[in-house]
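**Student:** Here's the letter readout for the chains.
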Amino acid sequence: MIALAFALTYFGWAALCFAMPSHARSLRGRPFNQPIVVMLRCIGTIALLVALPVTAHAWGWSNGTTAWFGILTIACLALIGLFATSPKVALLPLVGLPTAAIIALLR
Amino acid sequence: MRPTWLLMTARILTGFVGGYILSAIVALFLAKALPVVRLEAVLTGAMIGFVINVVAIIWAFAARTTLRACLGILVPCALFGAITPFIR
Amino acid sequence: MSITADRARRPTAERGLRPAMAVLHTWGGLLFGWLLFAIFVTGTVSYFRDEISLWMRPEIGQLTATTPDVAADAALRQLRKNSVGVRRWMIDLPTDRSPVTSALVLRDPKTGPAATRLTLDPASGAPIKARNTAGGDFLYYFHFDLYMPQRFGRYLTCTAAIVMLVAFVSGVITHRRIFKDFFTFRPRRGQRSWLDAHNALGVTALPFHVMITYTGLITLLPLYLPWGIEAMYPDGRQEFVIEMFDDAPPRKTLNVAAPLAPIAPLLAIASAEWQGGTVGRLVIDNPGDRAATIRLVRQDSERISHAVQSMLFDGSNGALISKTPVTGAAAEARGIFHGLHLARFSDIWLRWMFFISGIVGCAMIATGLVLWSVKRRRNAANVGHKIVDALNVTAITGLPIAIAAYFLCNRLLSATSPGRTLWEVGCFFAVWLIAGLHAAIRPQRDAWREQLWIAALLFATVPTVNAIRTERGLATSLVSGDWVFAGFDLTALATAVFFAISAAHYARRGEVAA
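Chains as they are written, first to last, in the working numbering: chain A, 1 to 107; chain B, 1 to 88; chain C, 1 to 514.
Hints were generated in silico from the structure; no laboratory data involved. Computed from a predicted structure; not experimentally measured. Hints are not guaranteed to be accurate.
Unchecked claim - Calculated cross-link-like contacts (lysine to any residue; reagent style SDA-like; alpha-carbon spacing at most 25 Å):
no., chain 1, residue 1, chain 2, residue 2
1, C, K375, B, T65
2, C, K180, A, P21
3, C, K129, C, K375
4, C, K129, C, T67
5, A, K88, C, T184
Based on the provided sequences and hints, a complete structural model is requested.
**Tutor:** Here's what the structure looks like:
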């Protein structure tokens, strides 16, 4: 559950990040088209919000809300750190985290 | 044009000292005036007082002129200060 | 005379909202930054206060978990052995994080020492002979008390917290590109990098930072804004304390001996009242007298709210006298704010998240302080700047060095050294002072480089000395699953690695640039 929350928030922040023209440019040389930008922003925001009921499931609503803020912070900082290293490296957790989450959920 | 240091000092004093005084007066006013059990009133007053303190400091620096900065804090202080002693 | 030229000649605060907020943020941040850094560091470390206290008393081995009634009975059996003139027993039952029973015995000064602290084995009640040390409590109290006399430190901390909140508001207002610059961190670009880091650390953890600062003020509410209390409780503070903490003063003794009622049924009643909650503390007044009372206080790690829930029983017959009334909205809000600040409700995952957020806060303050210096490098020769630079080093590297020294001192002094508690605390301050002098004397670049390496060295030495002086070194604790000791040693090593990387980075770049 915790891994799933991290996977969702990291994905959400990443989507919001690459929707921004300057950051998309660092990744692929040019910004995404407007419809894709809108979609990335929507999906990104939804992913961040969906992480809340996930943390609530793991911790209960009061502790879960607190955990949600913590996970948002950590995922955002991780993205910023990796993105600063290289935009492509920042994409790695998009594969790694959901994999970890699926493994954790299947156990 | 008054010297810069005087205007800045005015803002600093009004903001930090005046801000605390305003927050104290408002906290006291709320403690006495709120129509609830006294523990509730006291706590509400203080919790809001902290916010007032921060807002006052921001106001002292955000106000466009030093005069507005000072009045924005001194006038509420005077108003609440005048009313509070007469509650209950 | 154009409006813009006229405007440009006005003092900065009058040039517009953003410049005014920039002035407020920069100067408020600088003047209170060193103090706030110390408060944030000791506060962050205090998330693991219990664990630090356990590490600093290695004589407390790994203890078997017990149920509250077993622990309570064992403790009372031990305490009854010396109950002459006792006025109050405060027994803290073992928890997940602090597996010992702690007892505070308050007695009539004519019959013995006024206050005695005991650490008891939870299962047997036997006293545990552990070394005297302030443990994690020293850092915890320093966090808001600043080790100053009277309550001066607490007033100072409150003022710093107000300035911190002002810094957040002014920082957000003045951060023109807060949305455009989101996710932006450009390393190795000197001043730009420091600003990016400061912004990122501030914005990503902004909810935590604002929460922790405001709730910190709430914990010191009766001190900083006491005027409402003074006005509404004219008969004195006592009434306020009773209402807020449900802490009635003890009844007068009848001087008639009577045995204490059995505790186990009372624990069951309390647990039922709190829907399965656990008793965390027993407060027994006038034990052995007919006027004895037993107060059961709920463990504060079960709910976010720190508002007290307790039940008061007659000590001789076990009858219920009173229980905490339902808290009103404001009192519950205050309880939640207080609880959020102390984070006692958190499990290990949440606790680490709070800890990481705290570190982010420390880093935000540190990058802000360094940014101030880096931005004004041209003026580095003037006295004011030299003082700022020296204070930056003293705070940012000096304080961690002092903390490492505190831990080292705990291990290097023998368990039975007289006055070792004072030696440990003295060591902390002495080393911090020396770090300050070093920062003042050495040229700025050398001061940073040397202190970064010293910090790395000292933090690496902590687990090493632990392994040498006790039988609970890192290898042993990893094998036996002793996560308190392993976690502490590993964190110390991680801190050492962090400082070593910073030192290497700094040496390579030759100046304070990312």
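**Student:** When the structure is checked against the list of hints, which entries are broken? Sort them ascending.
**Tutor:** Violated: hints 1, 3.
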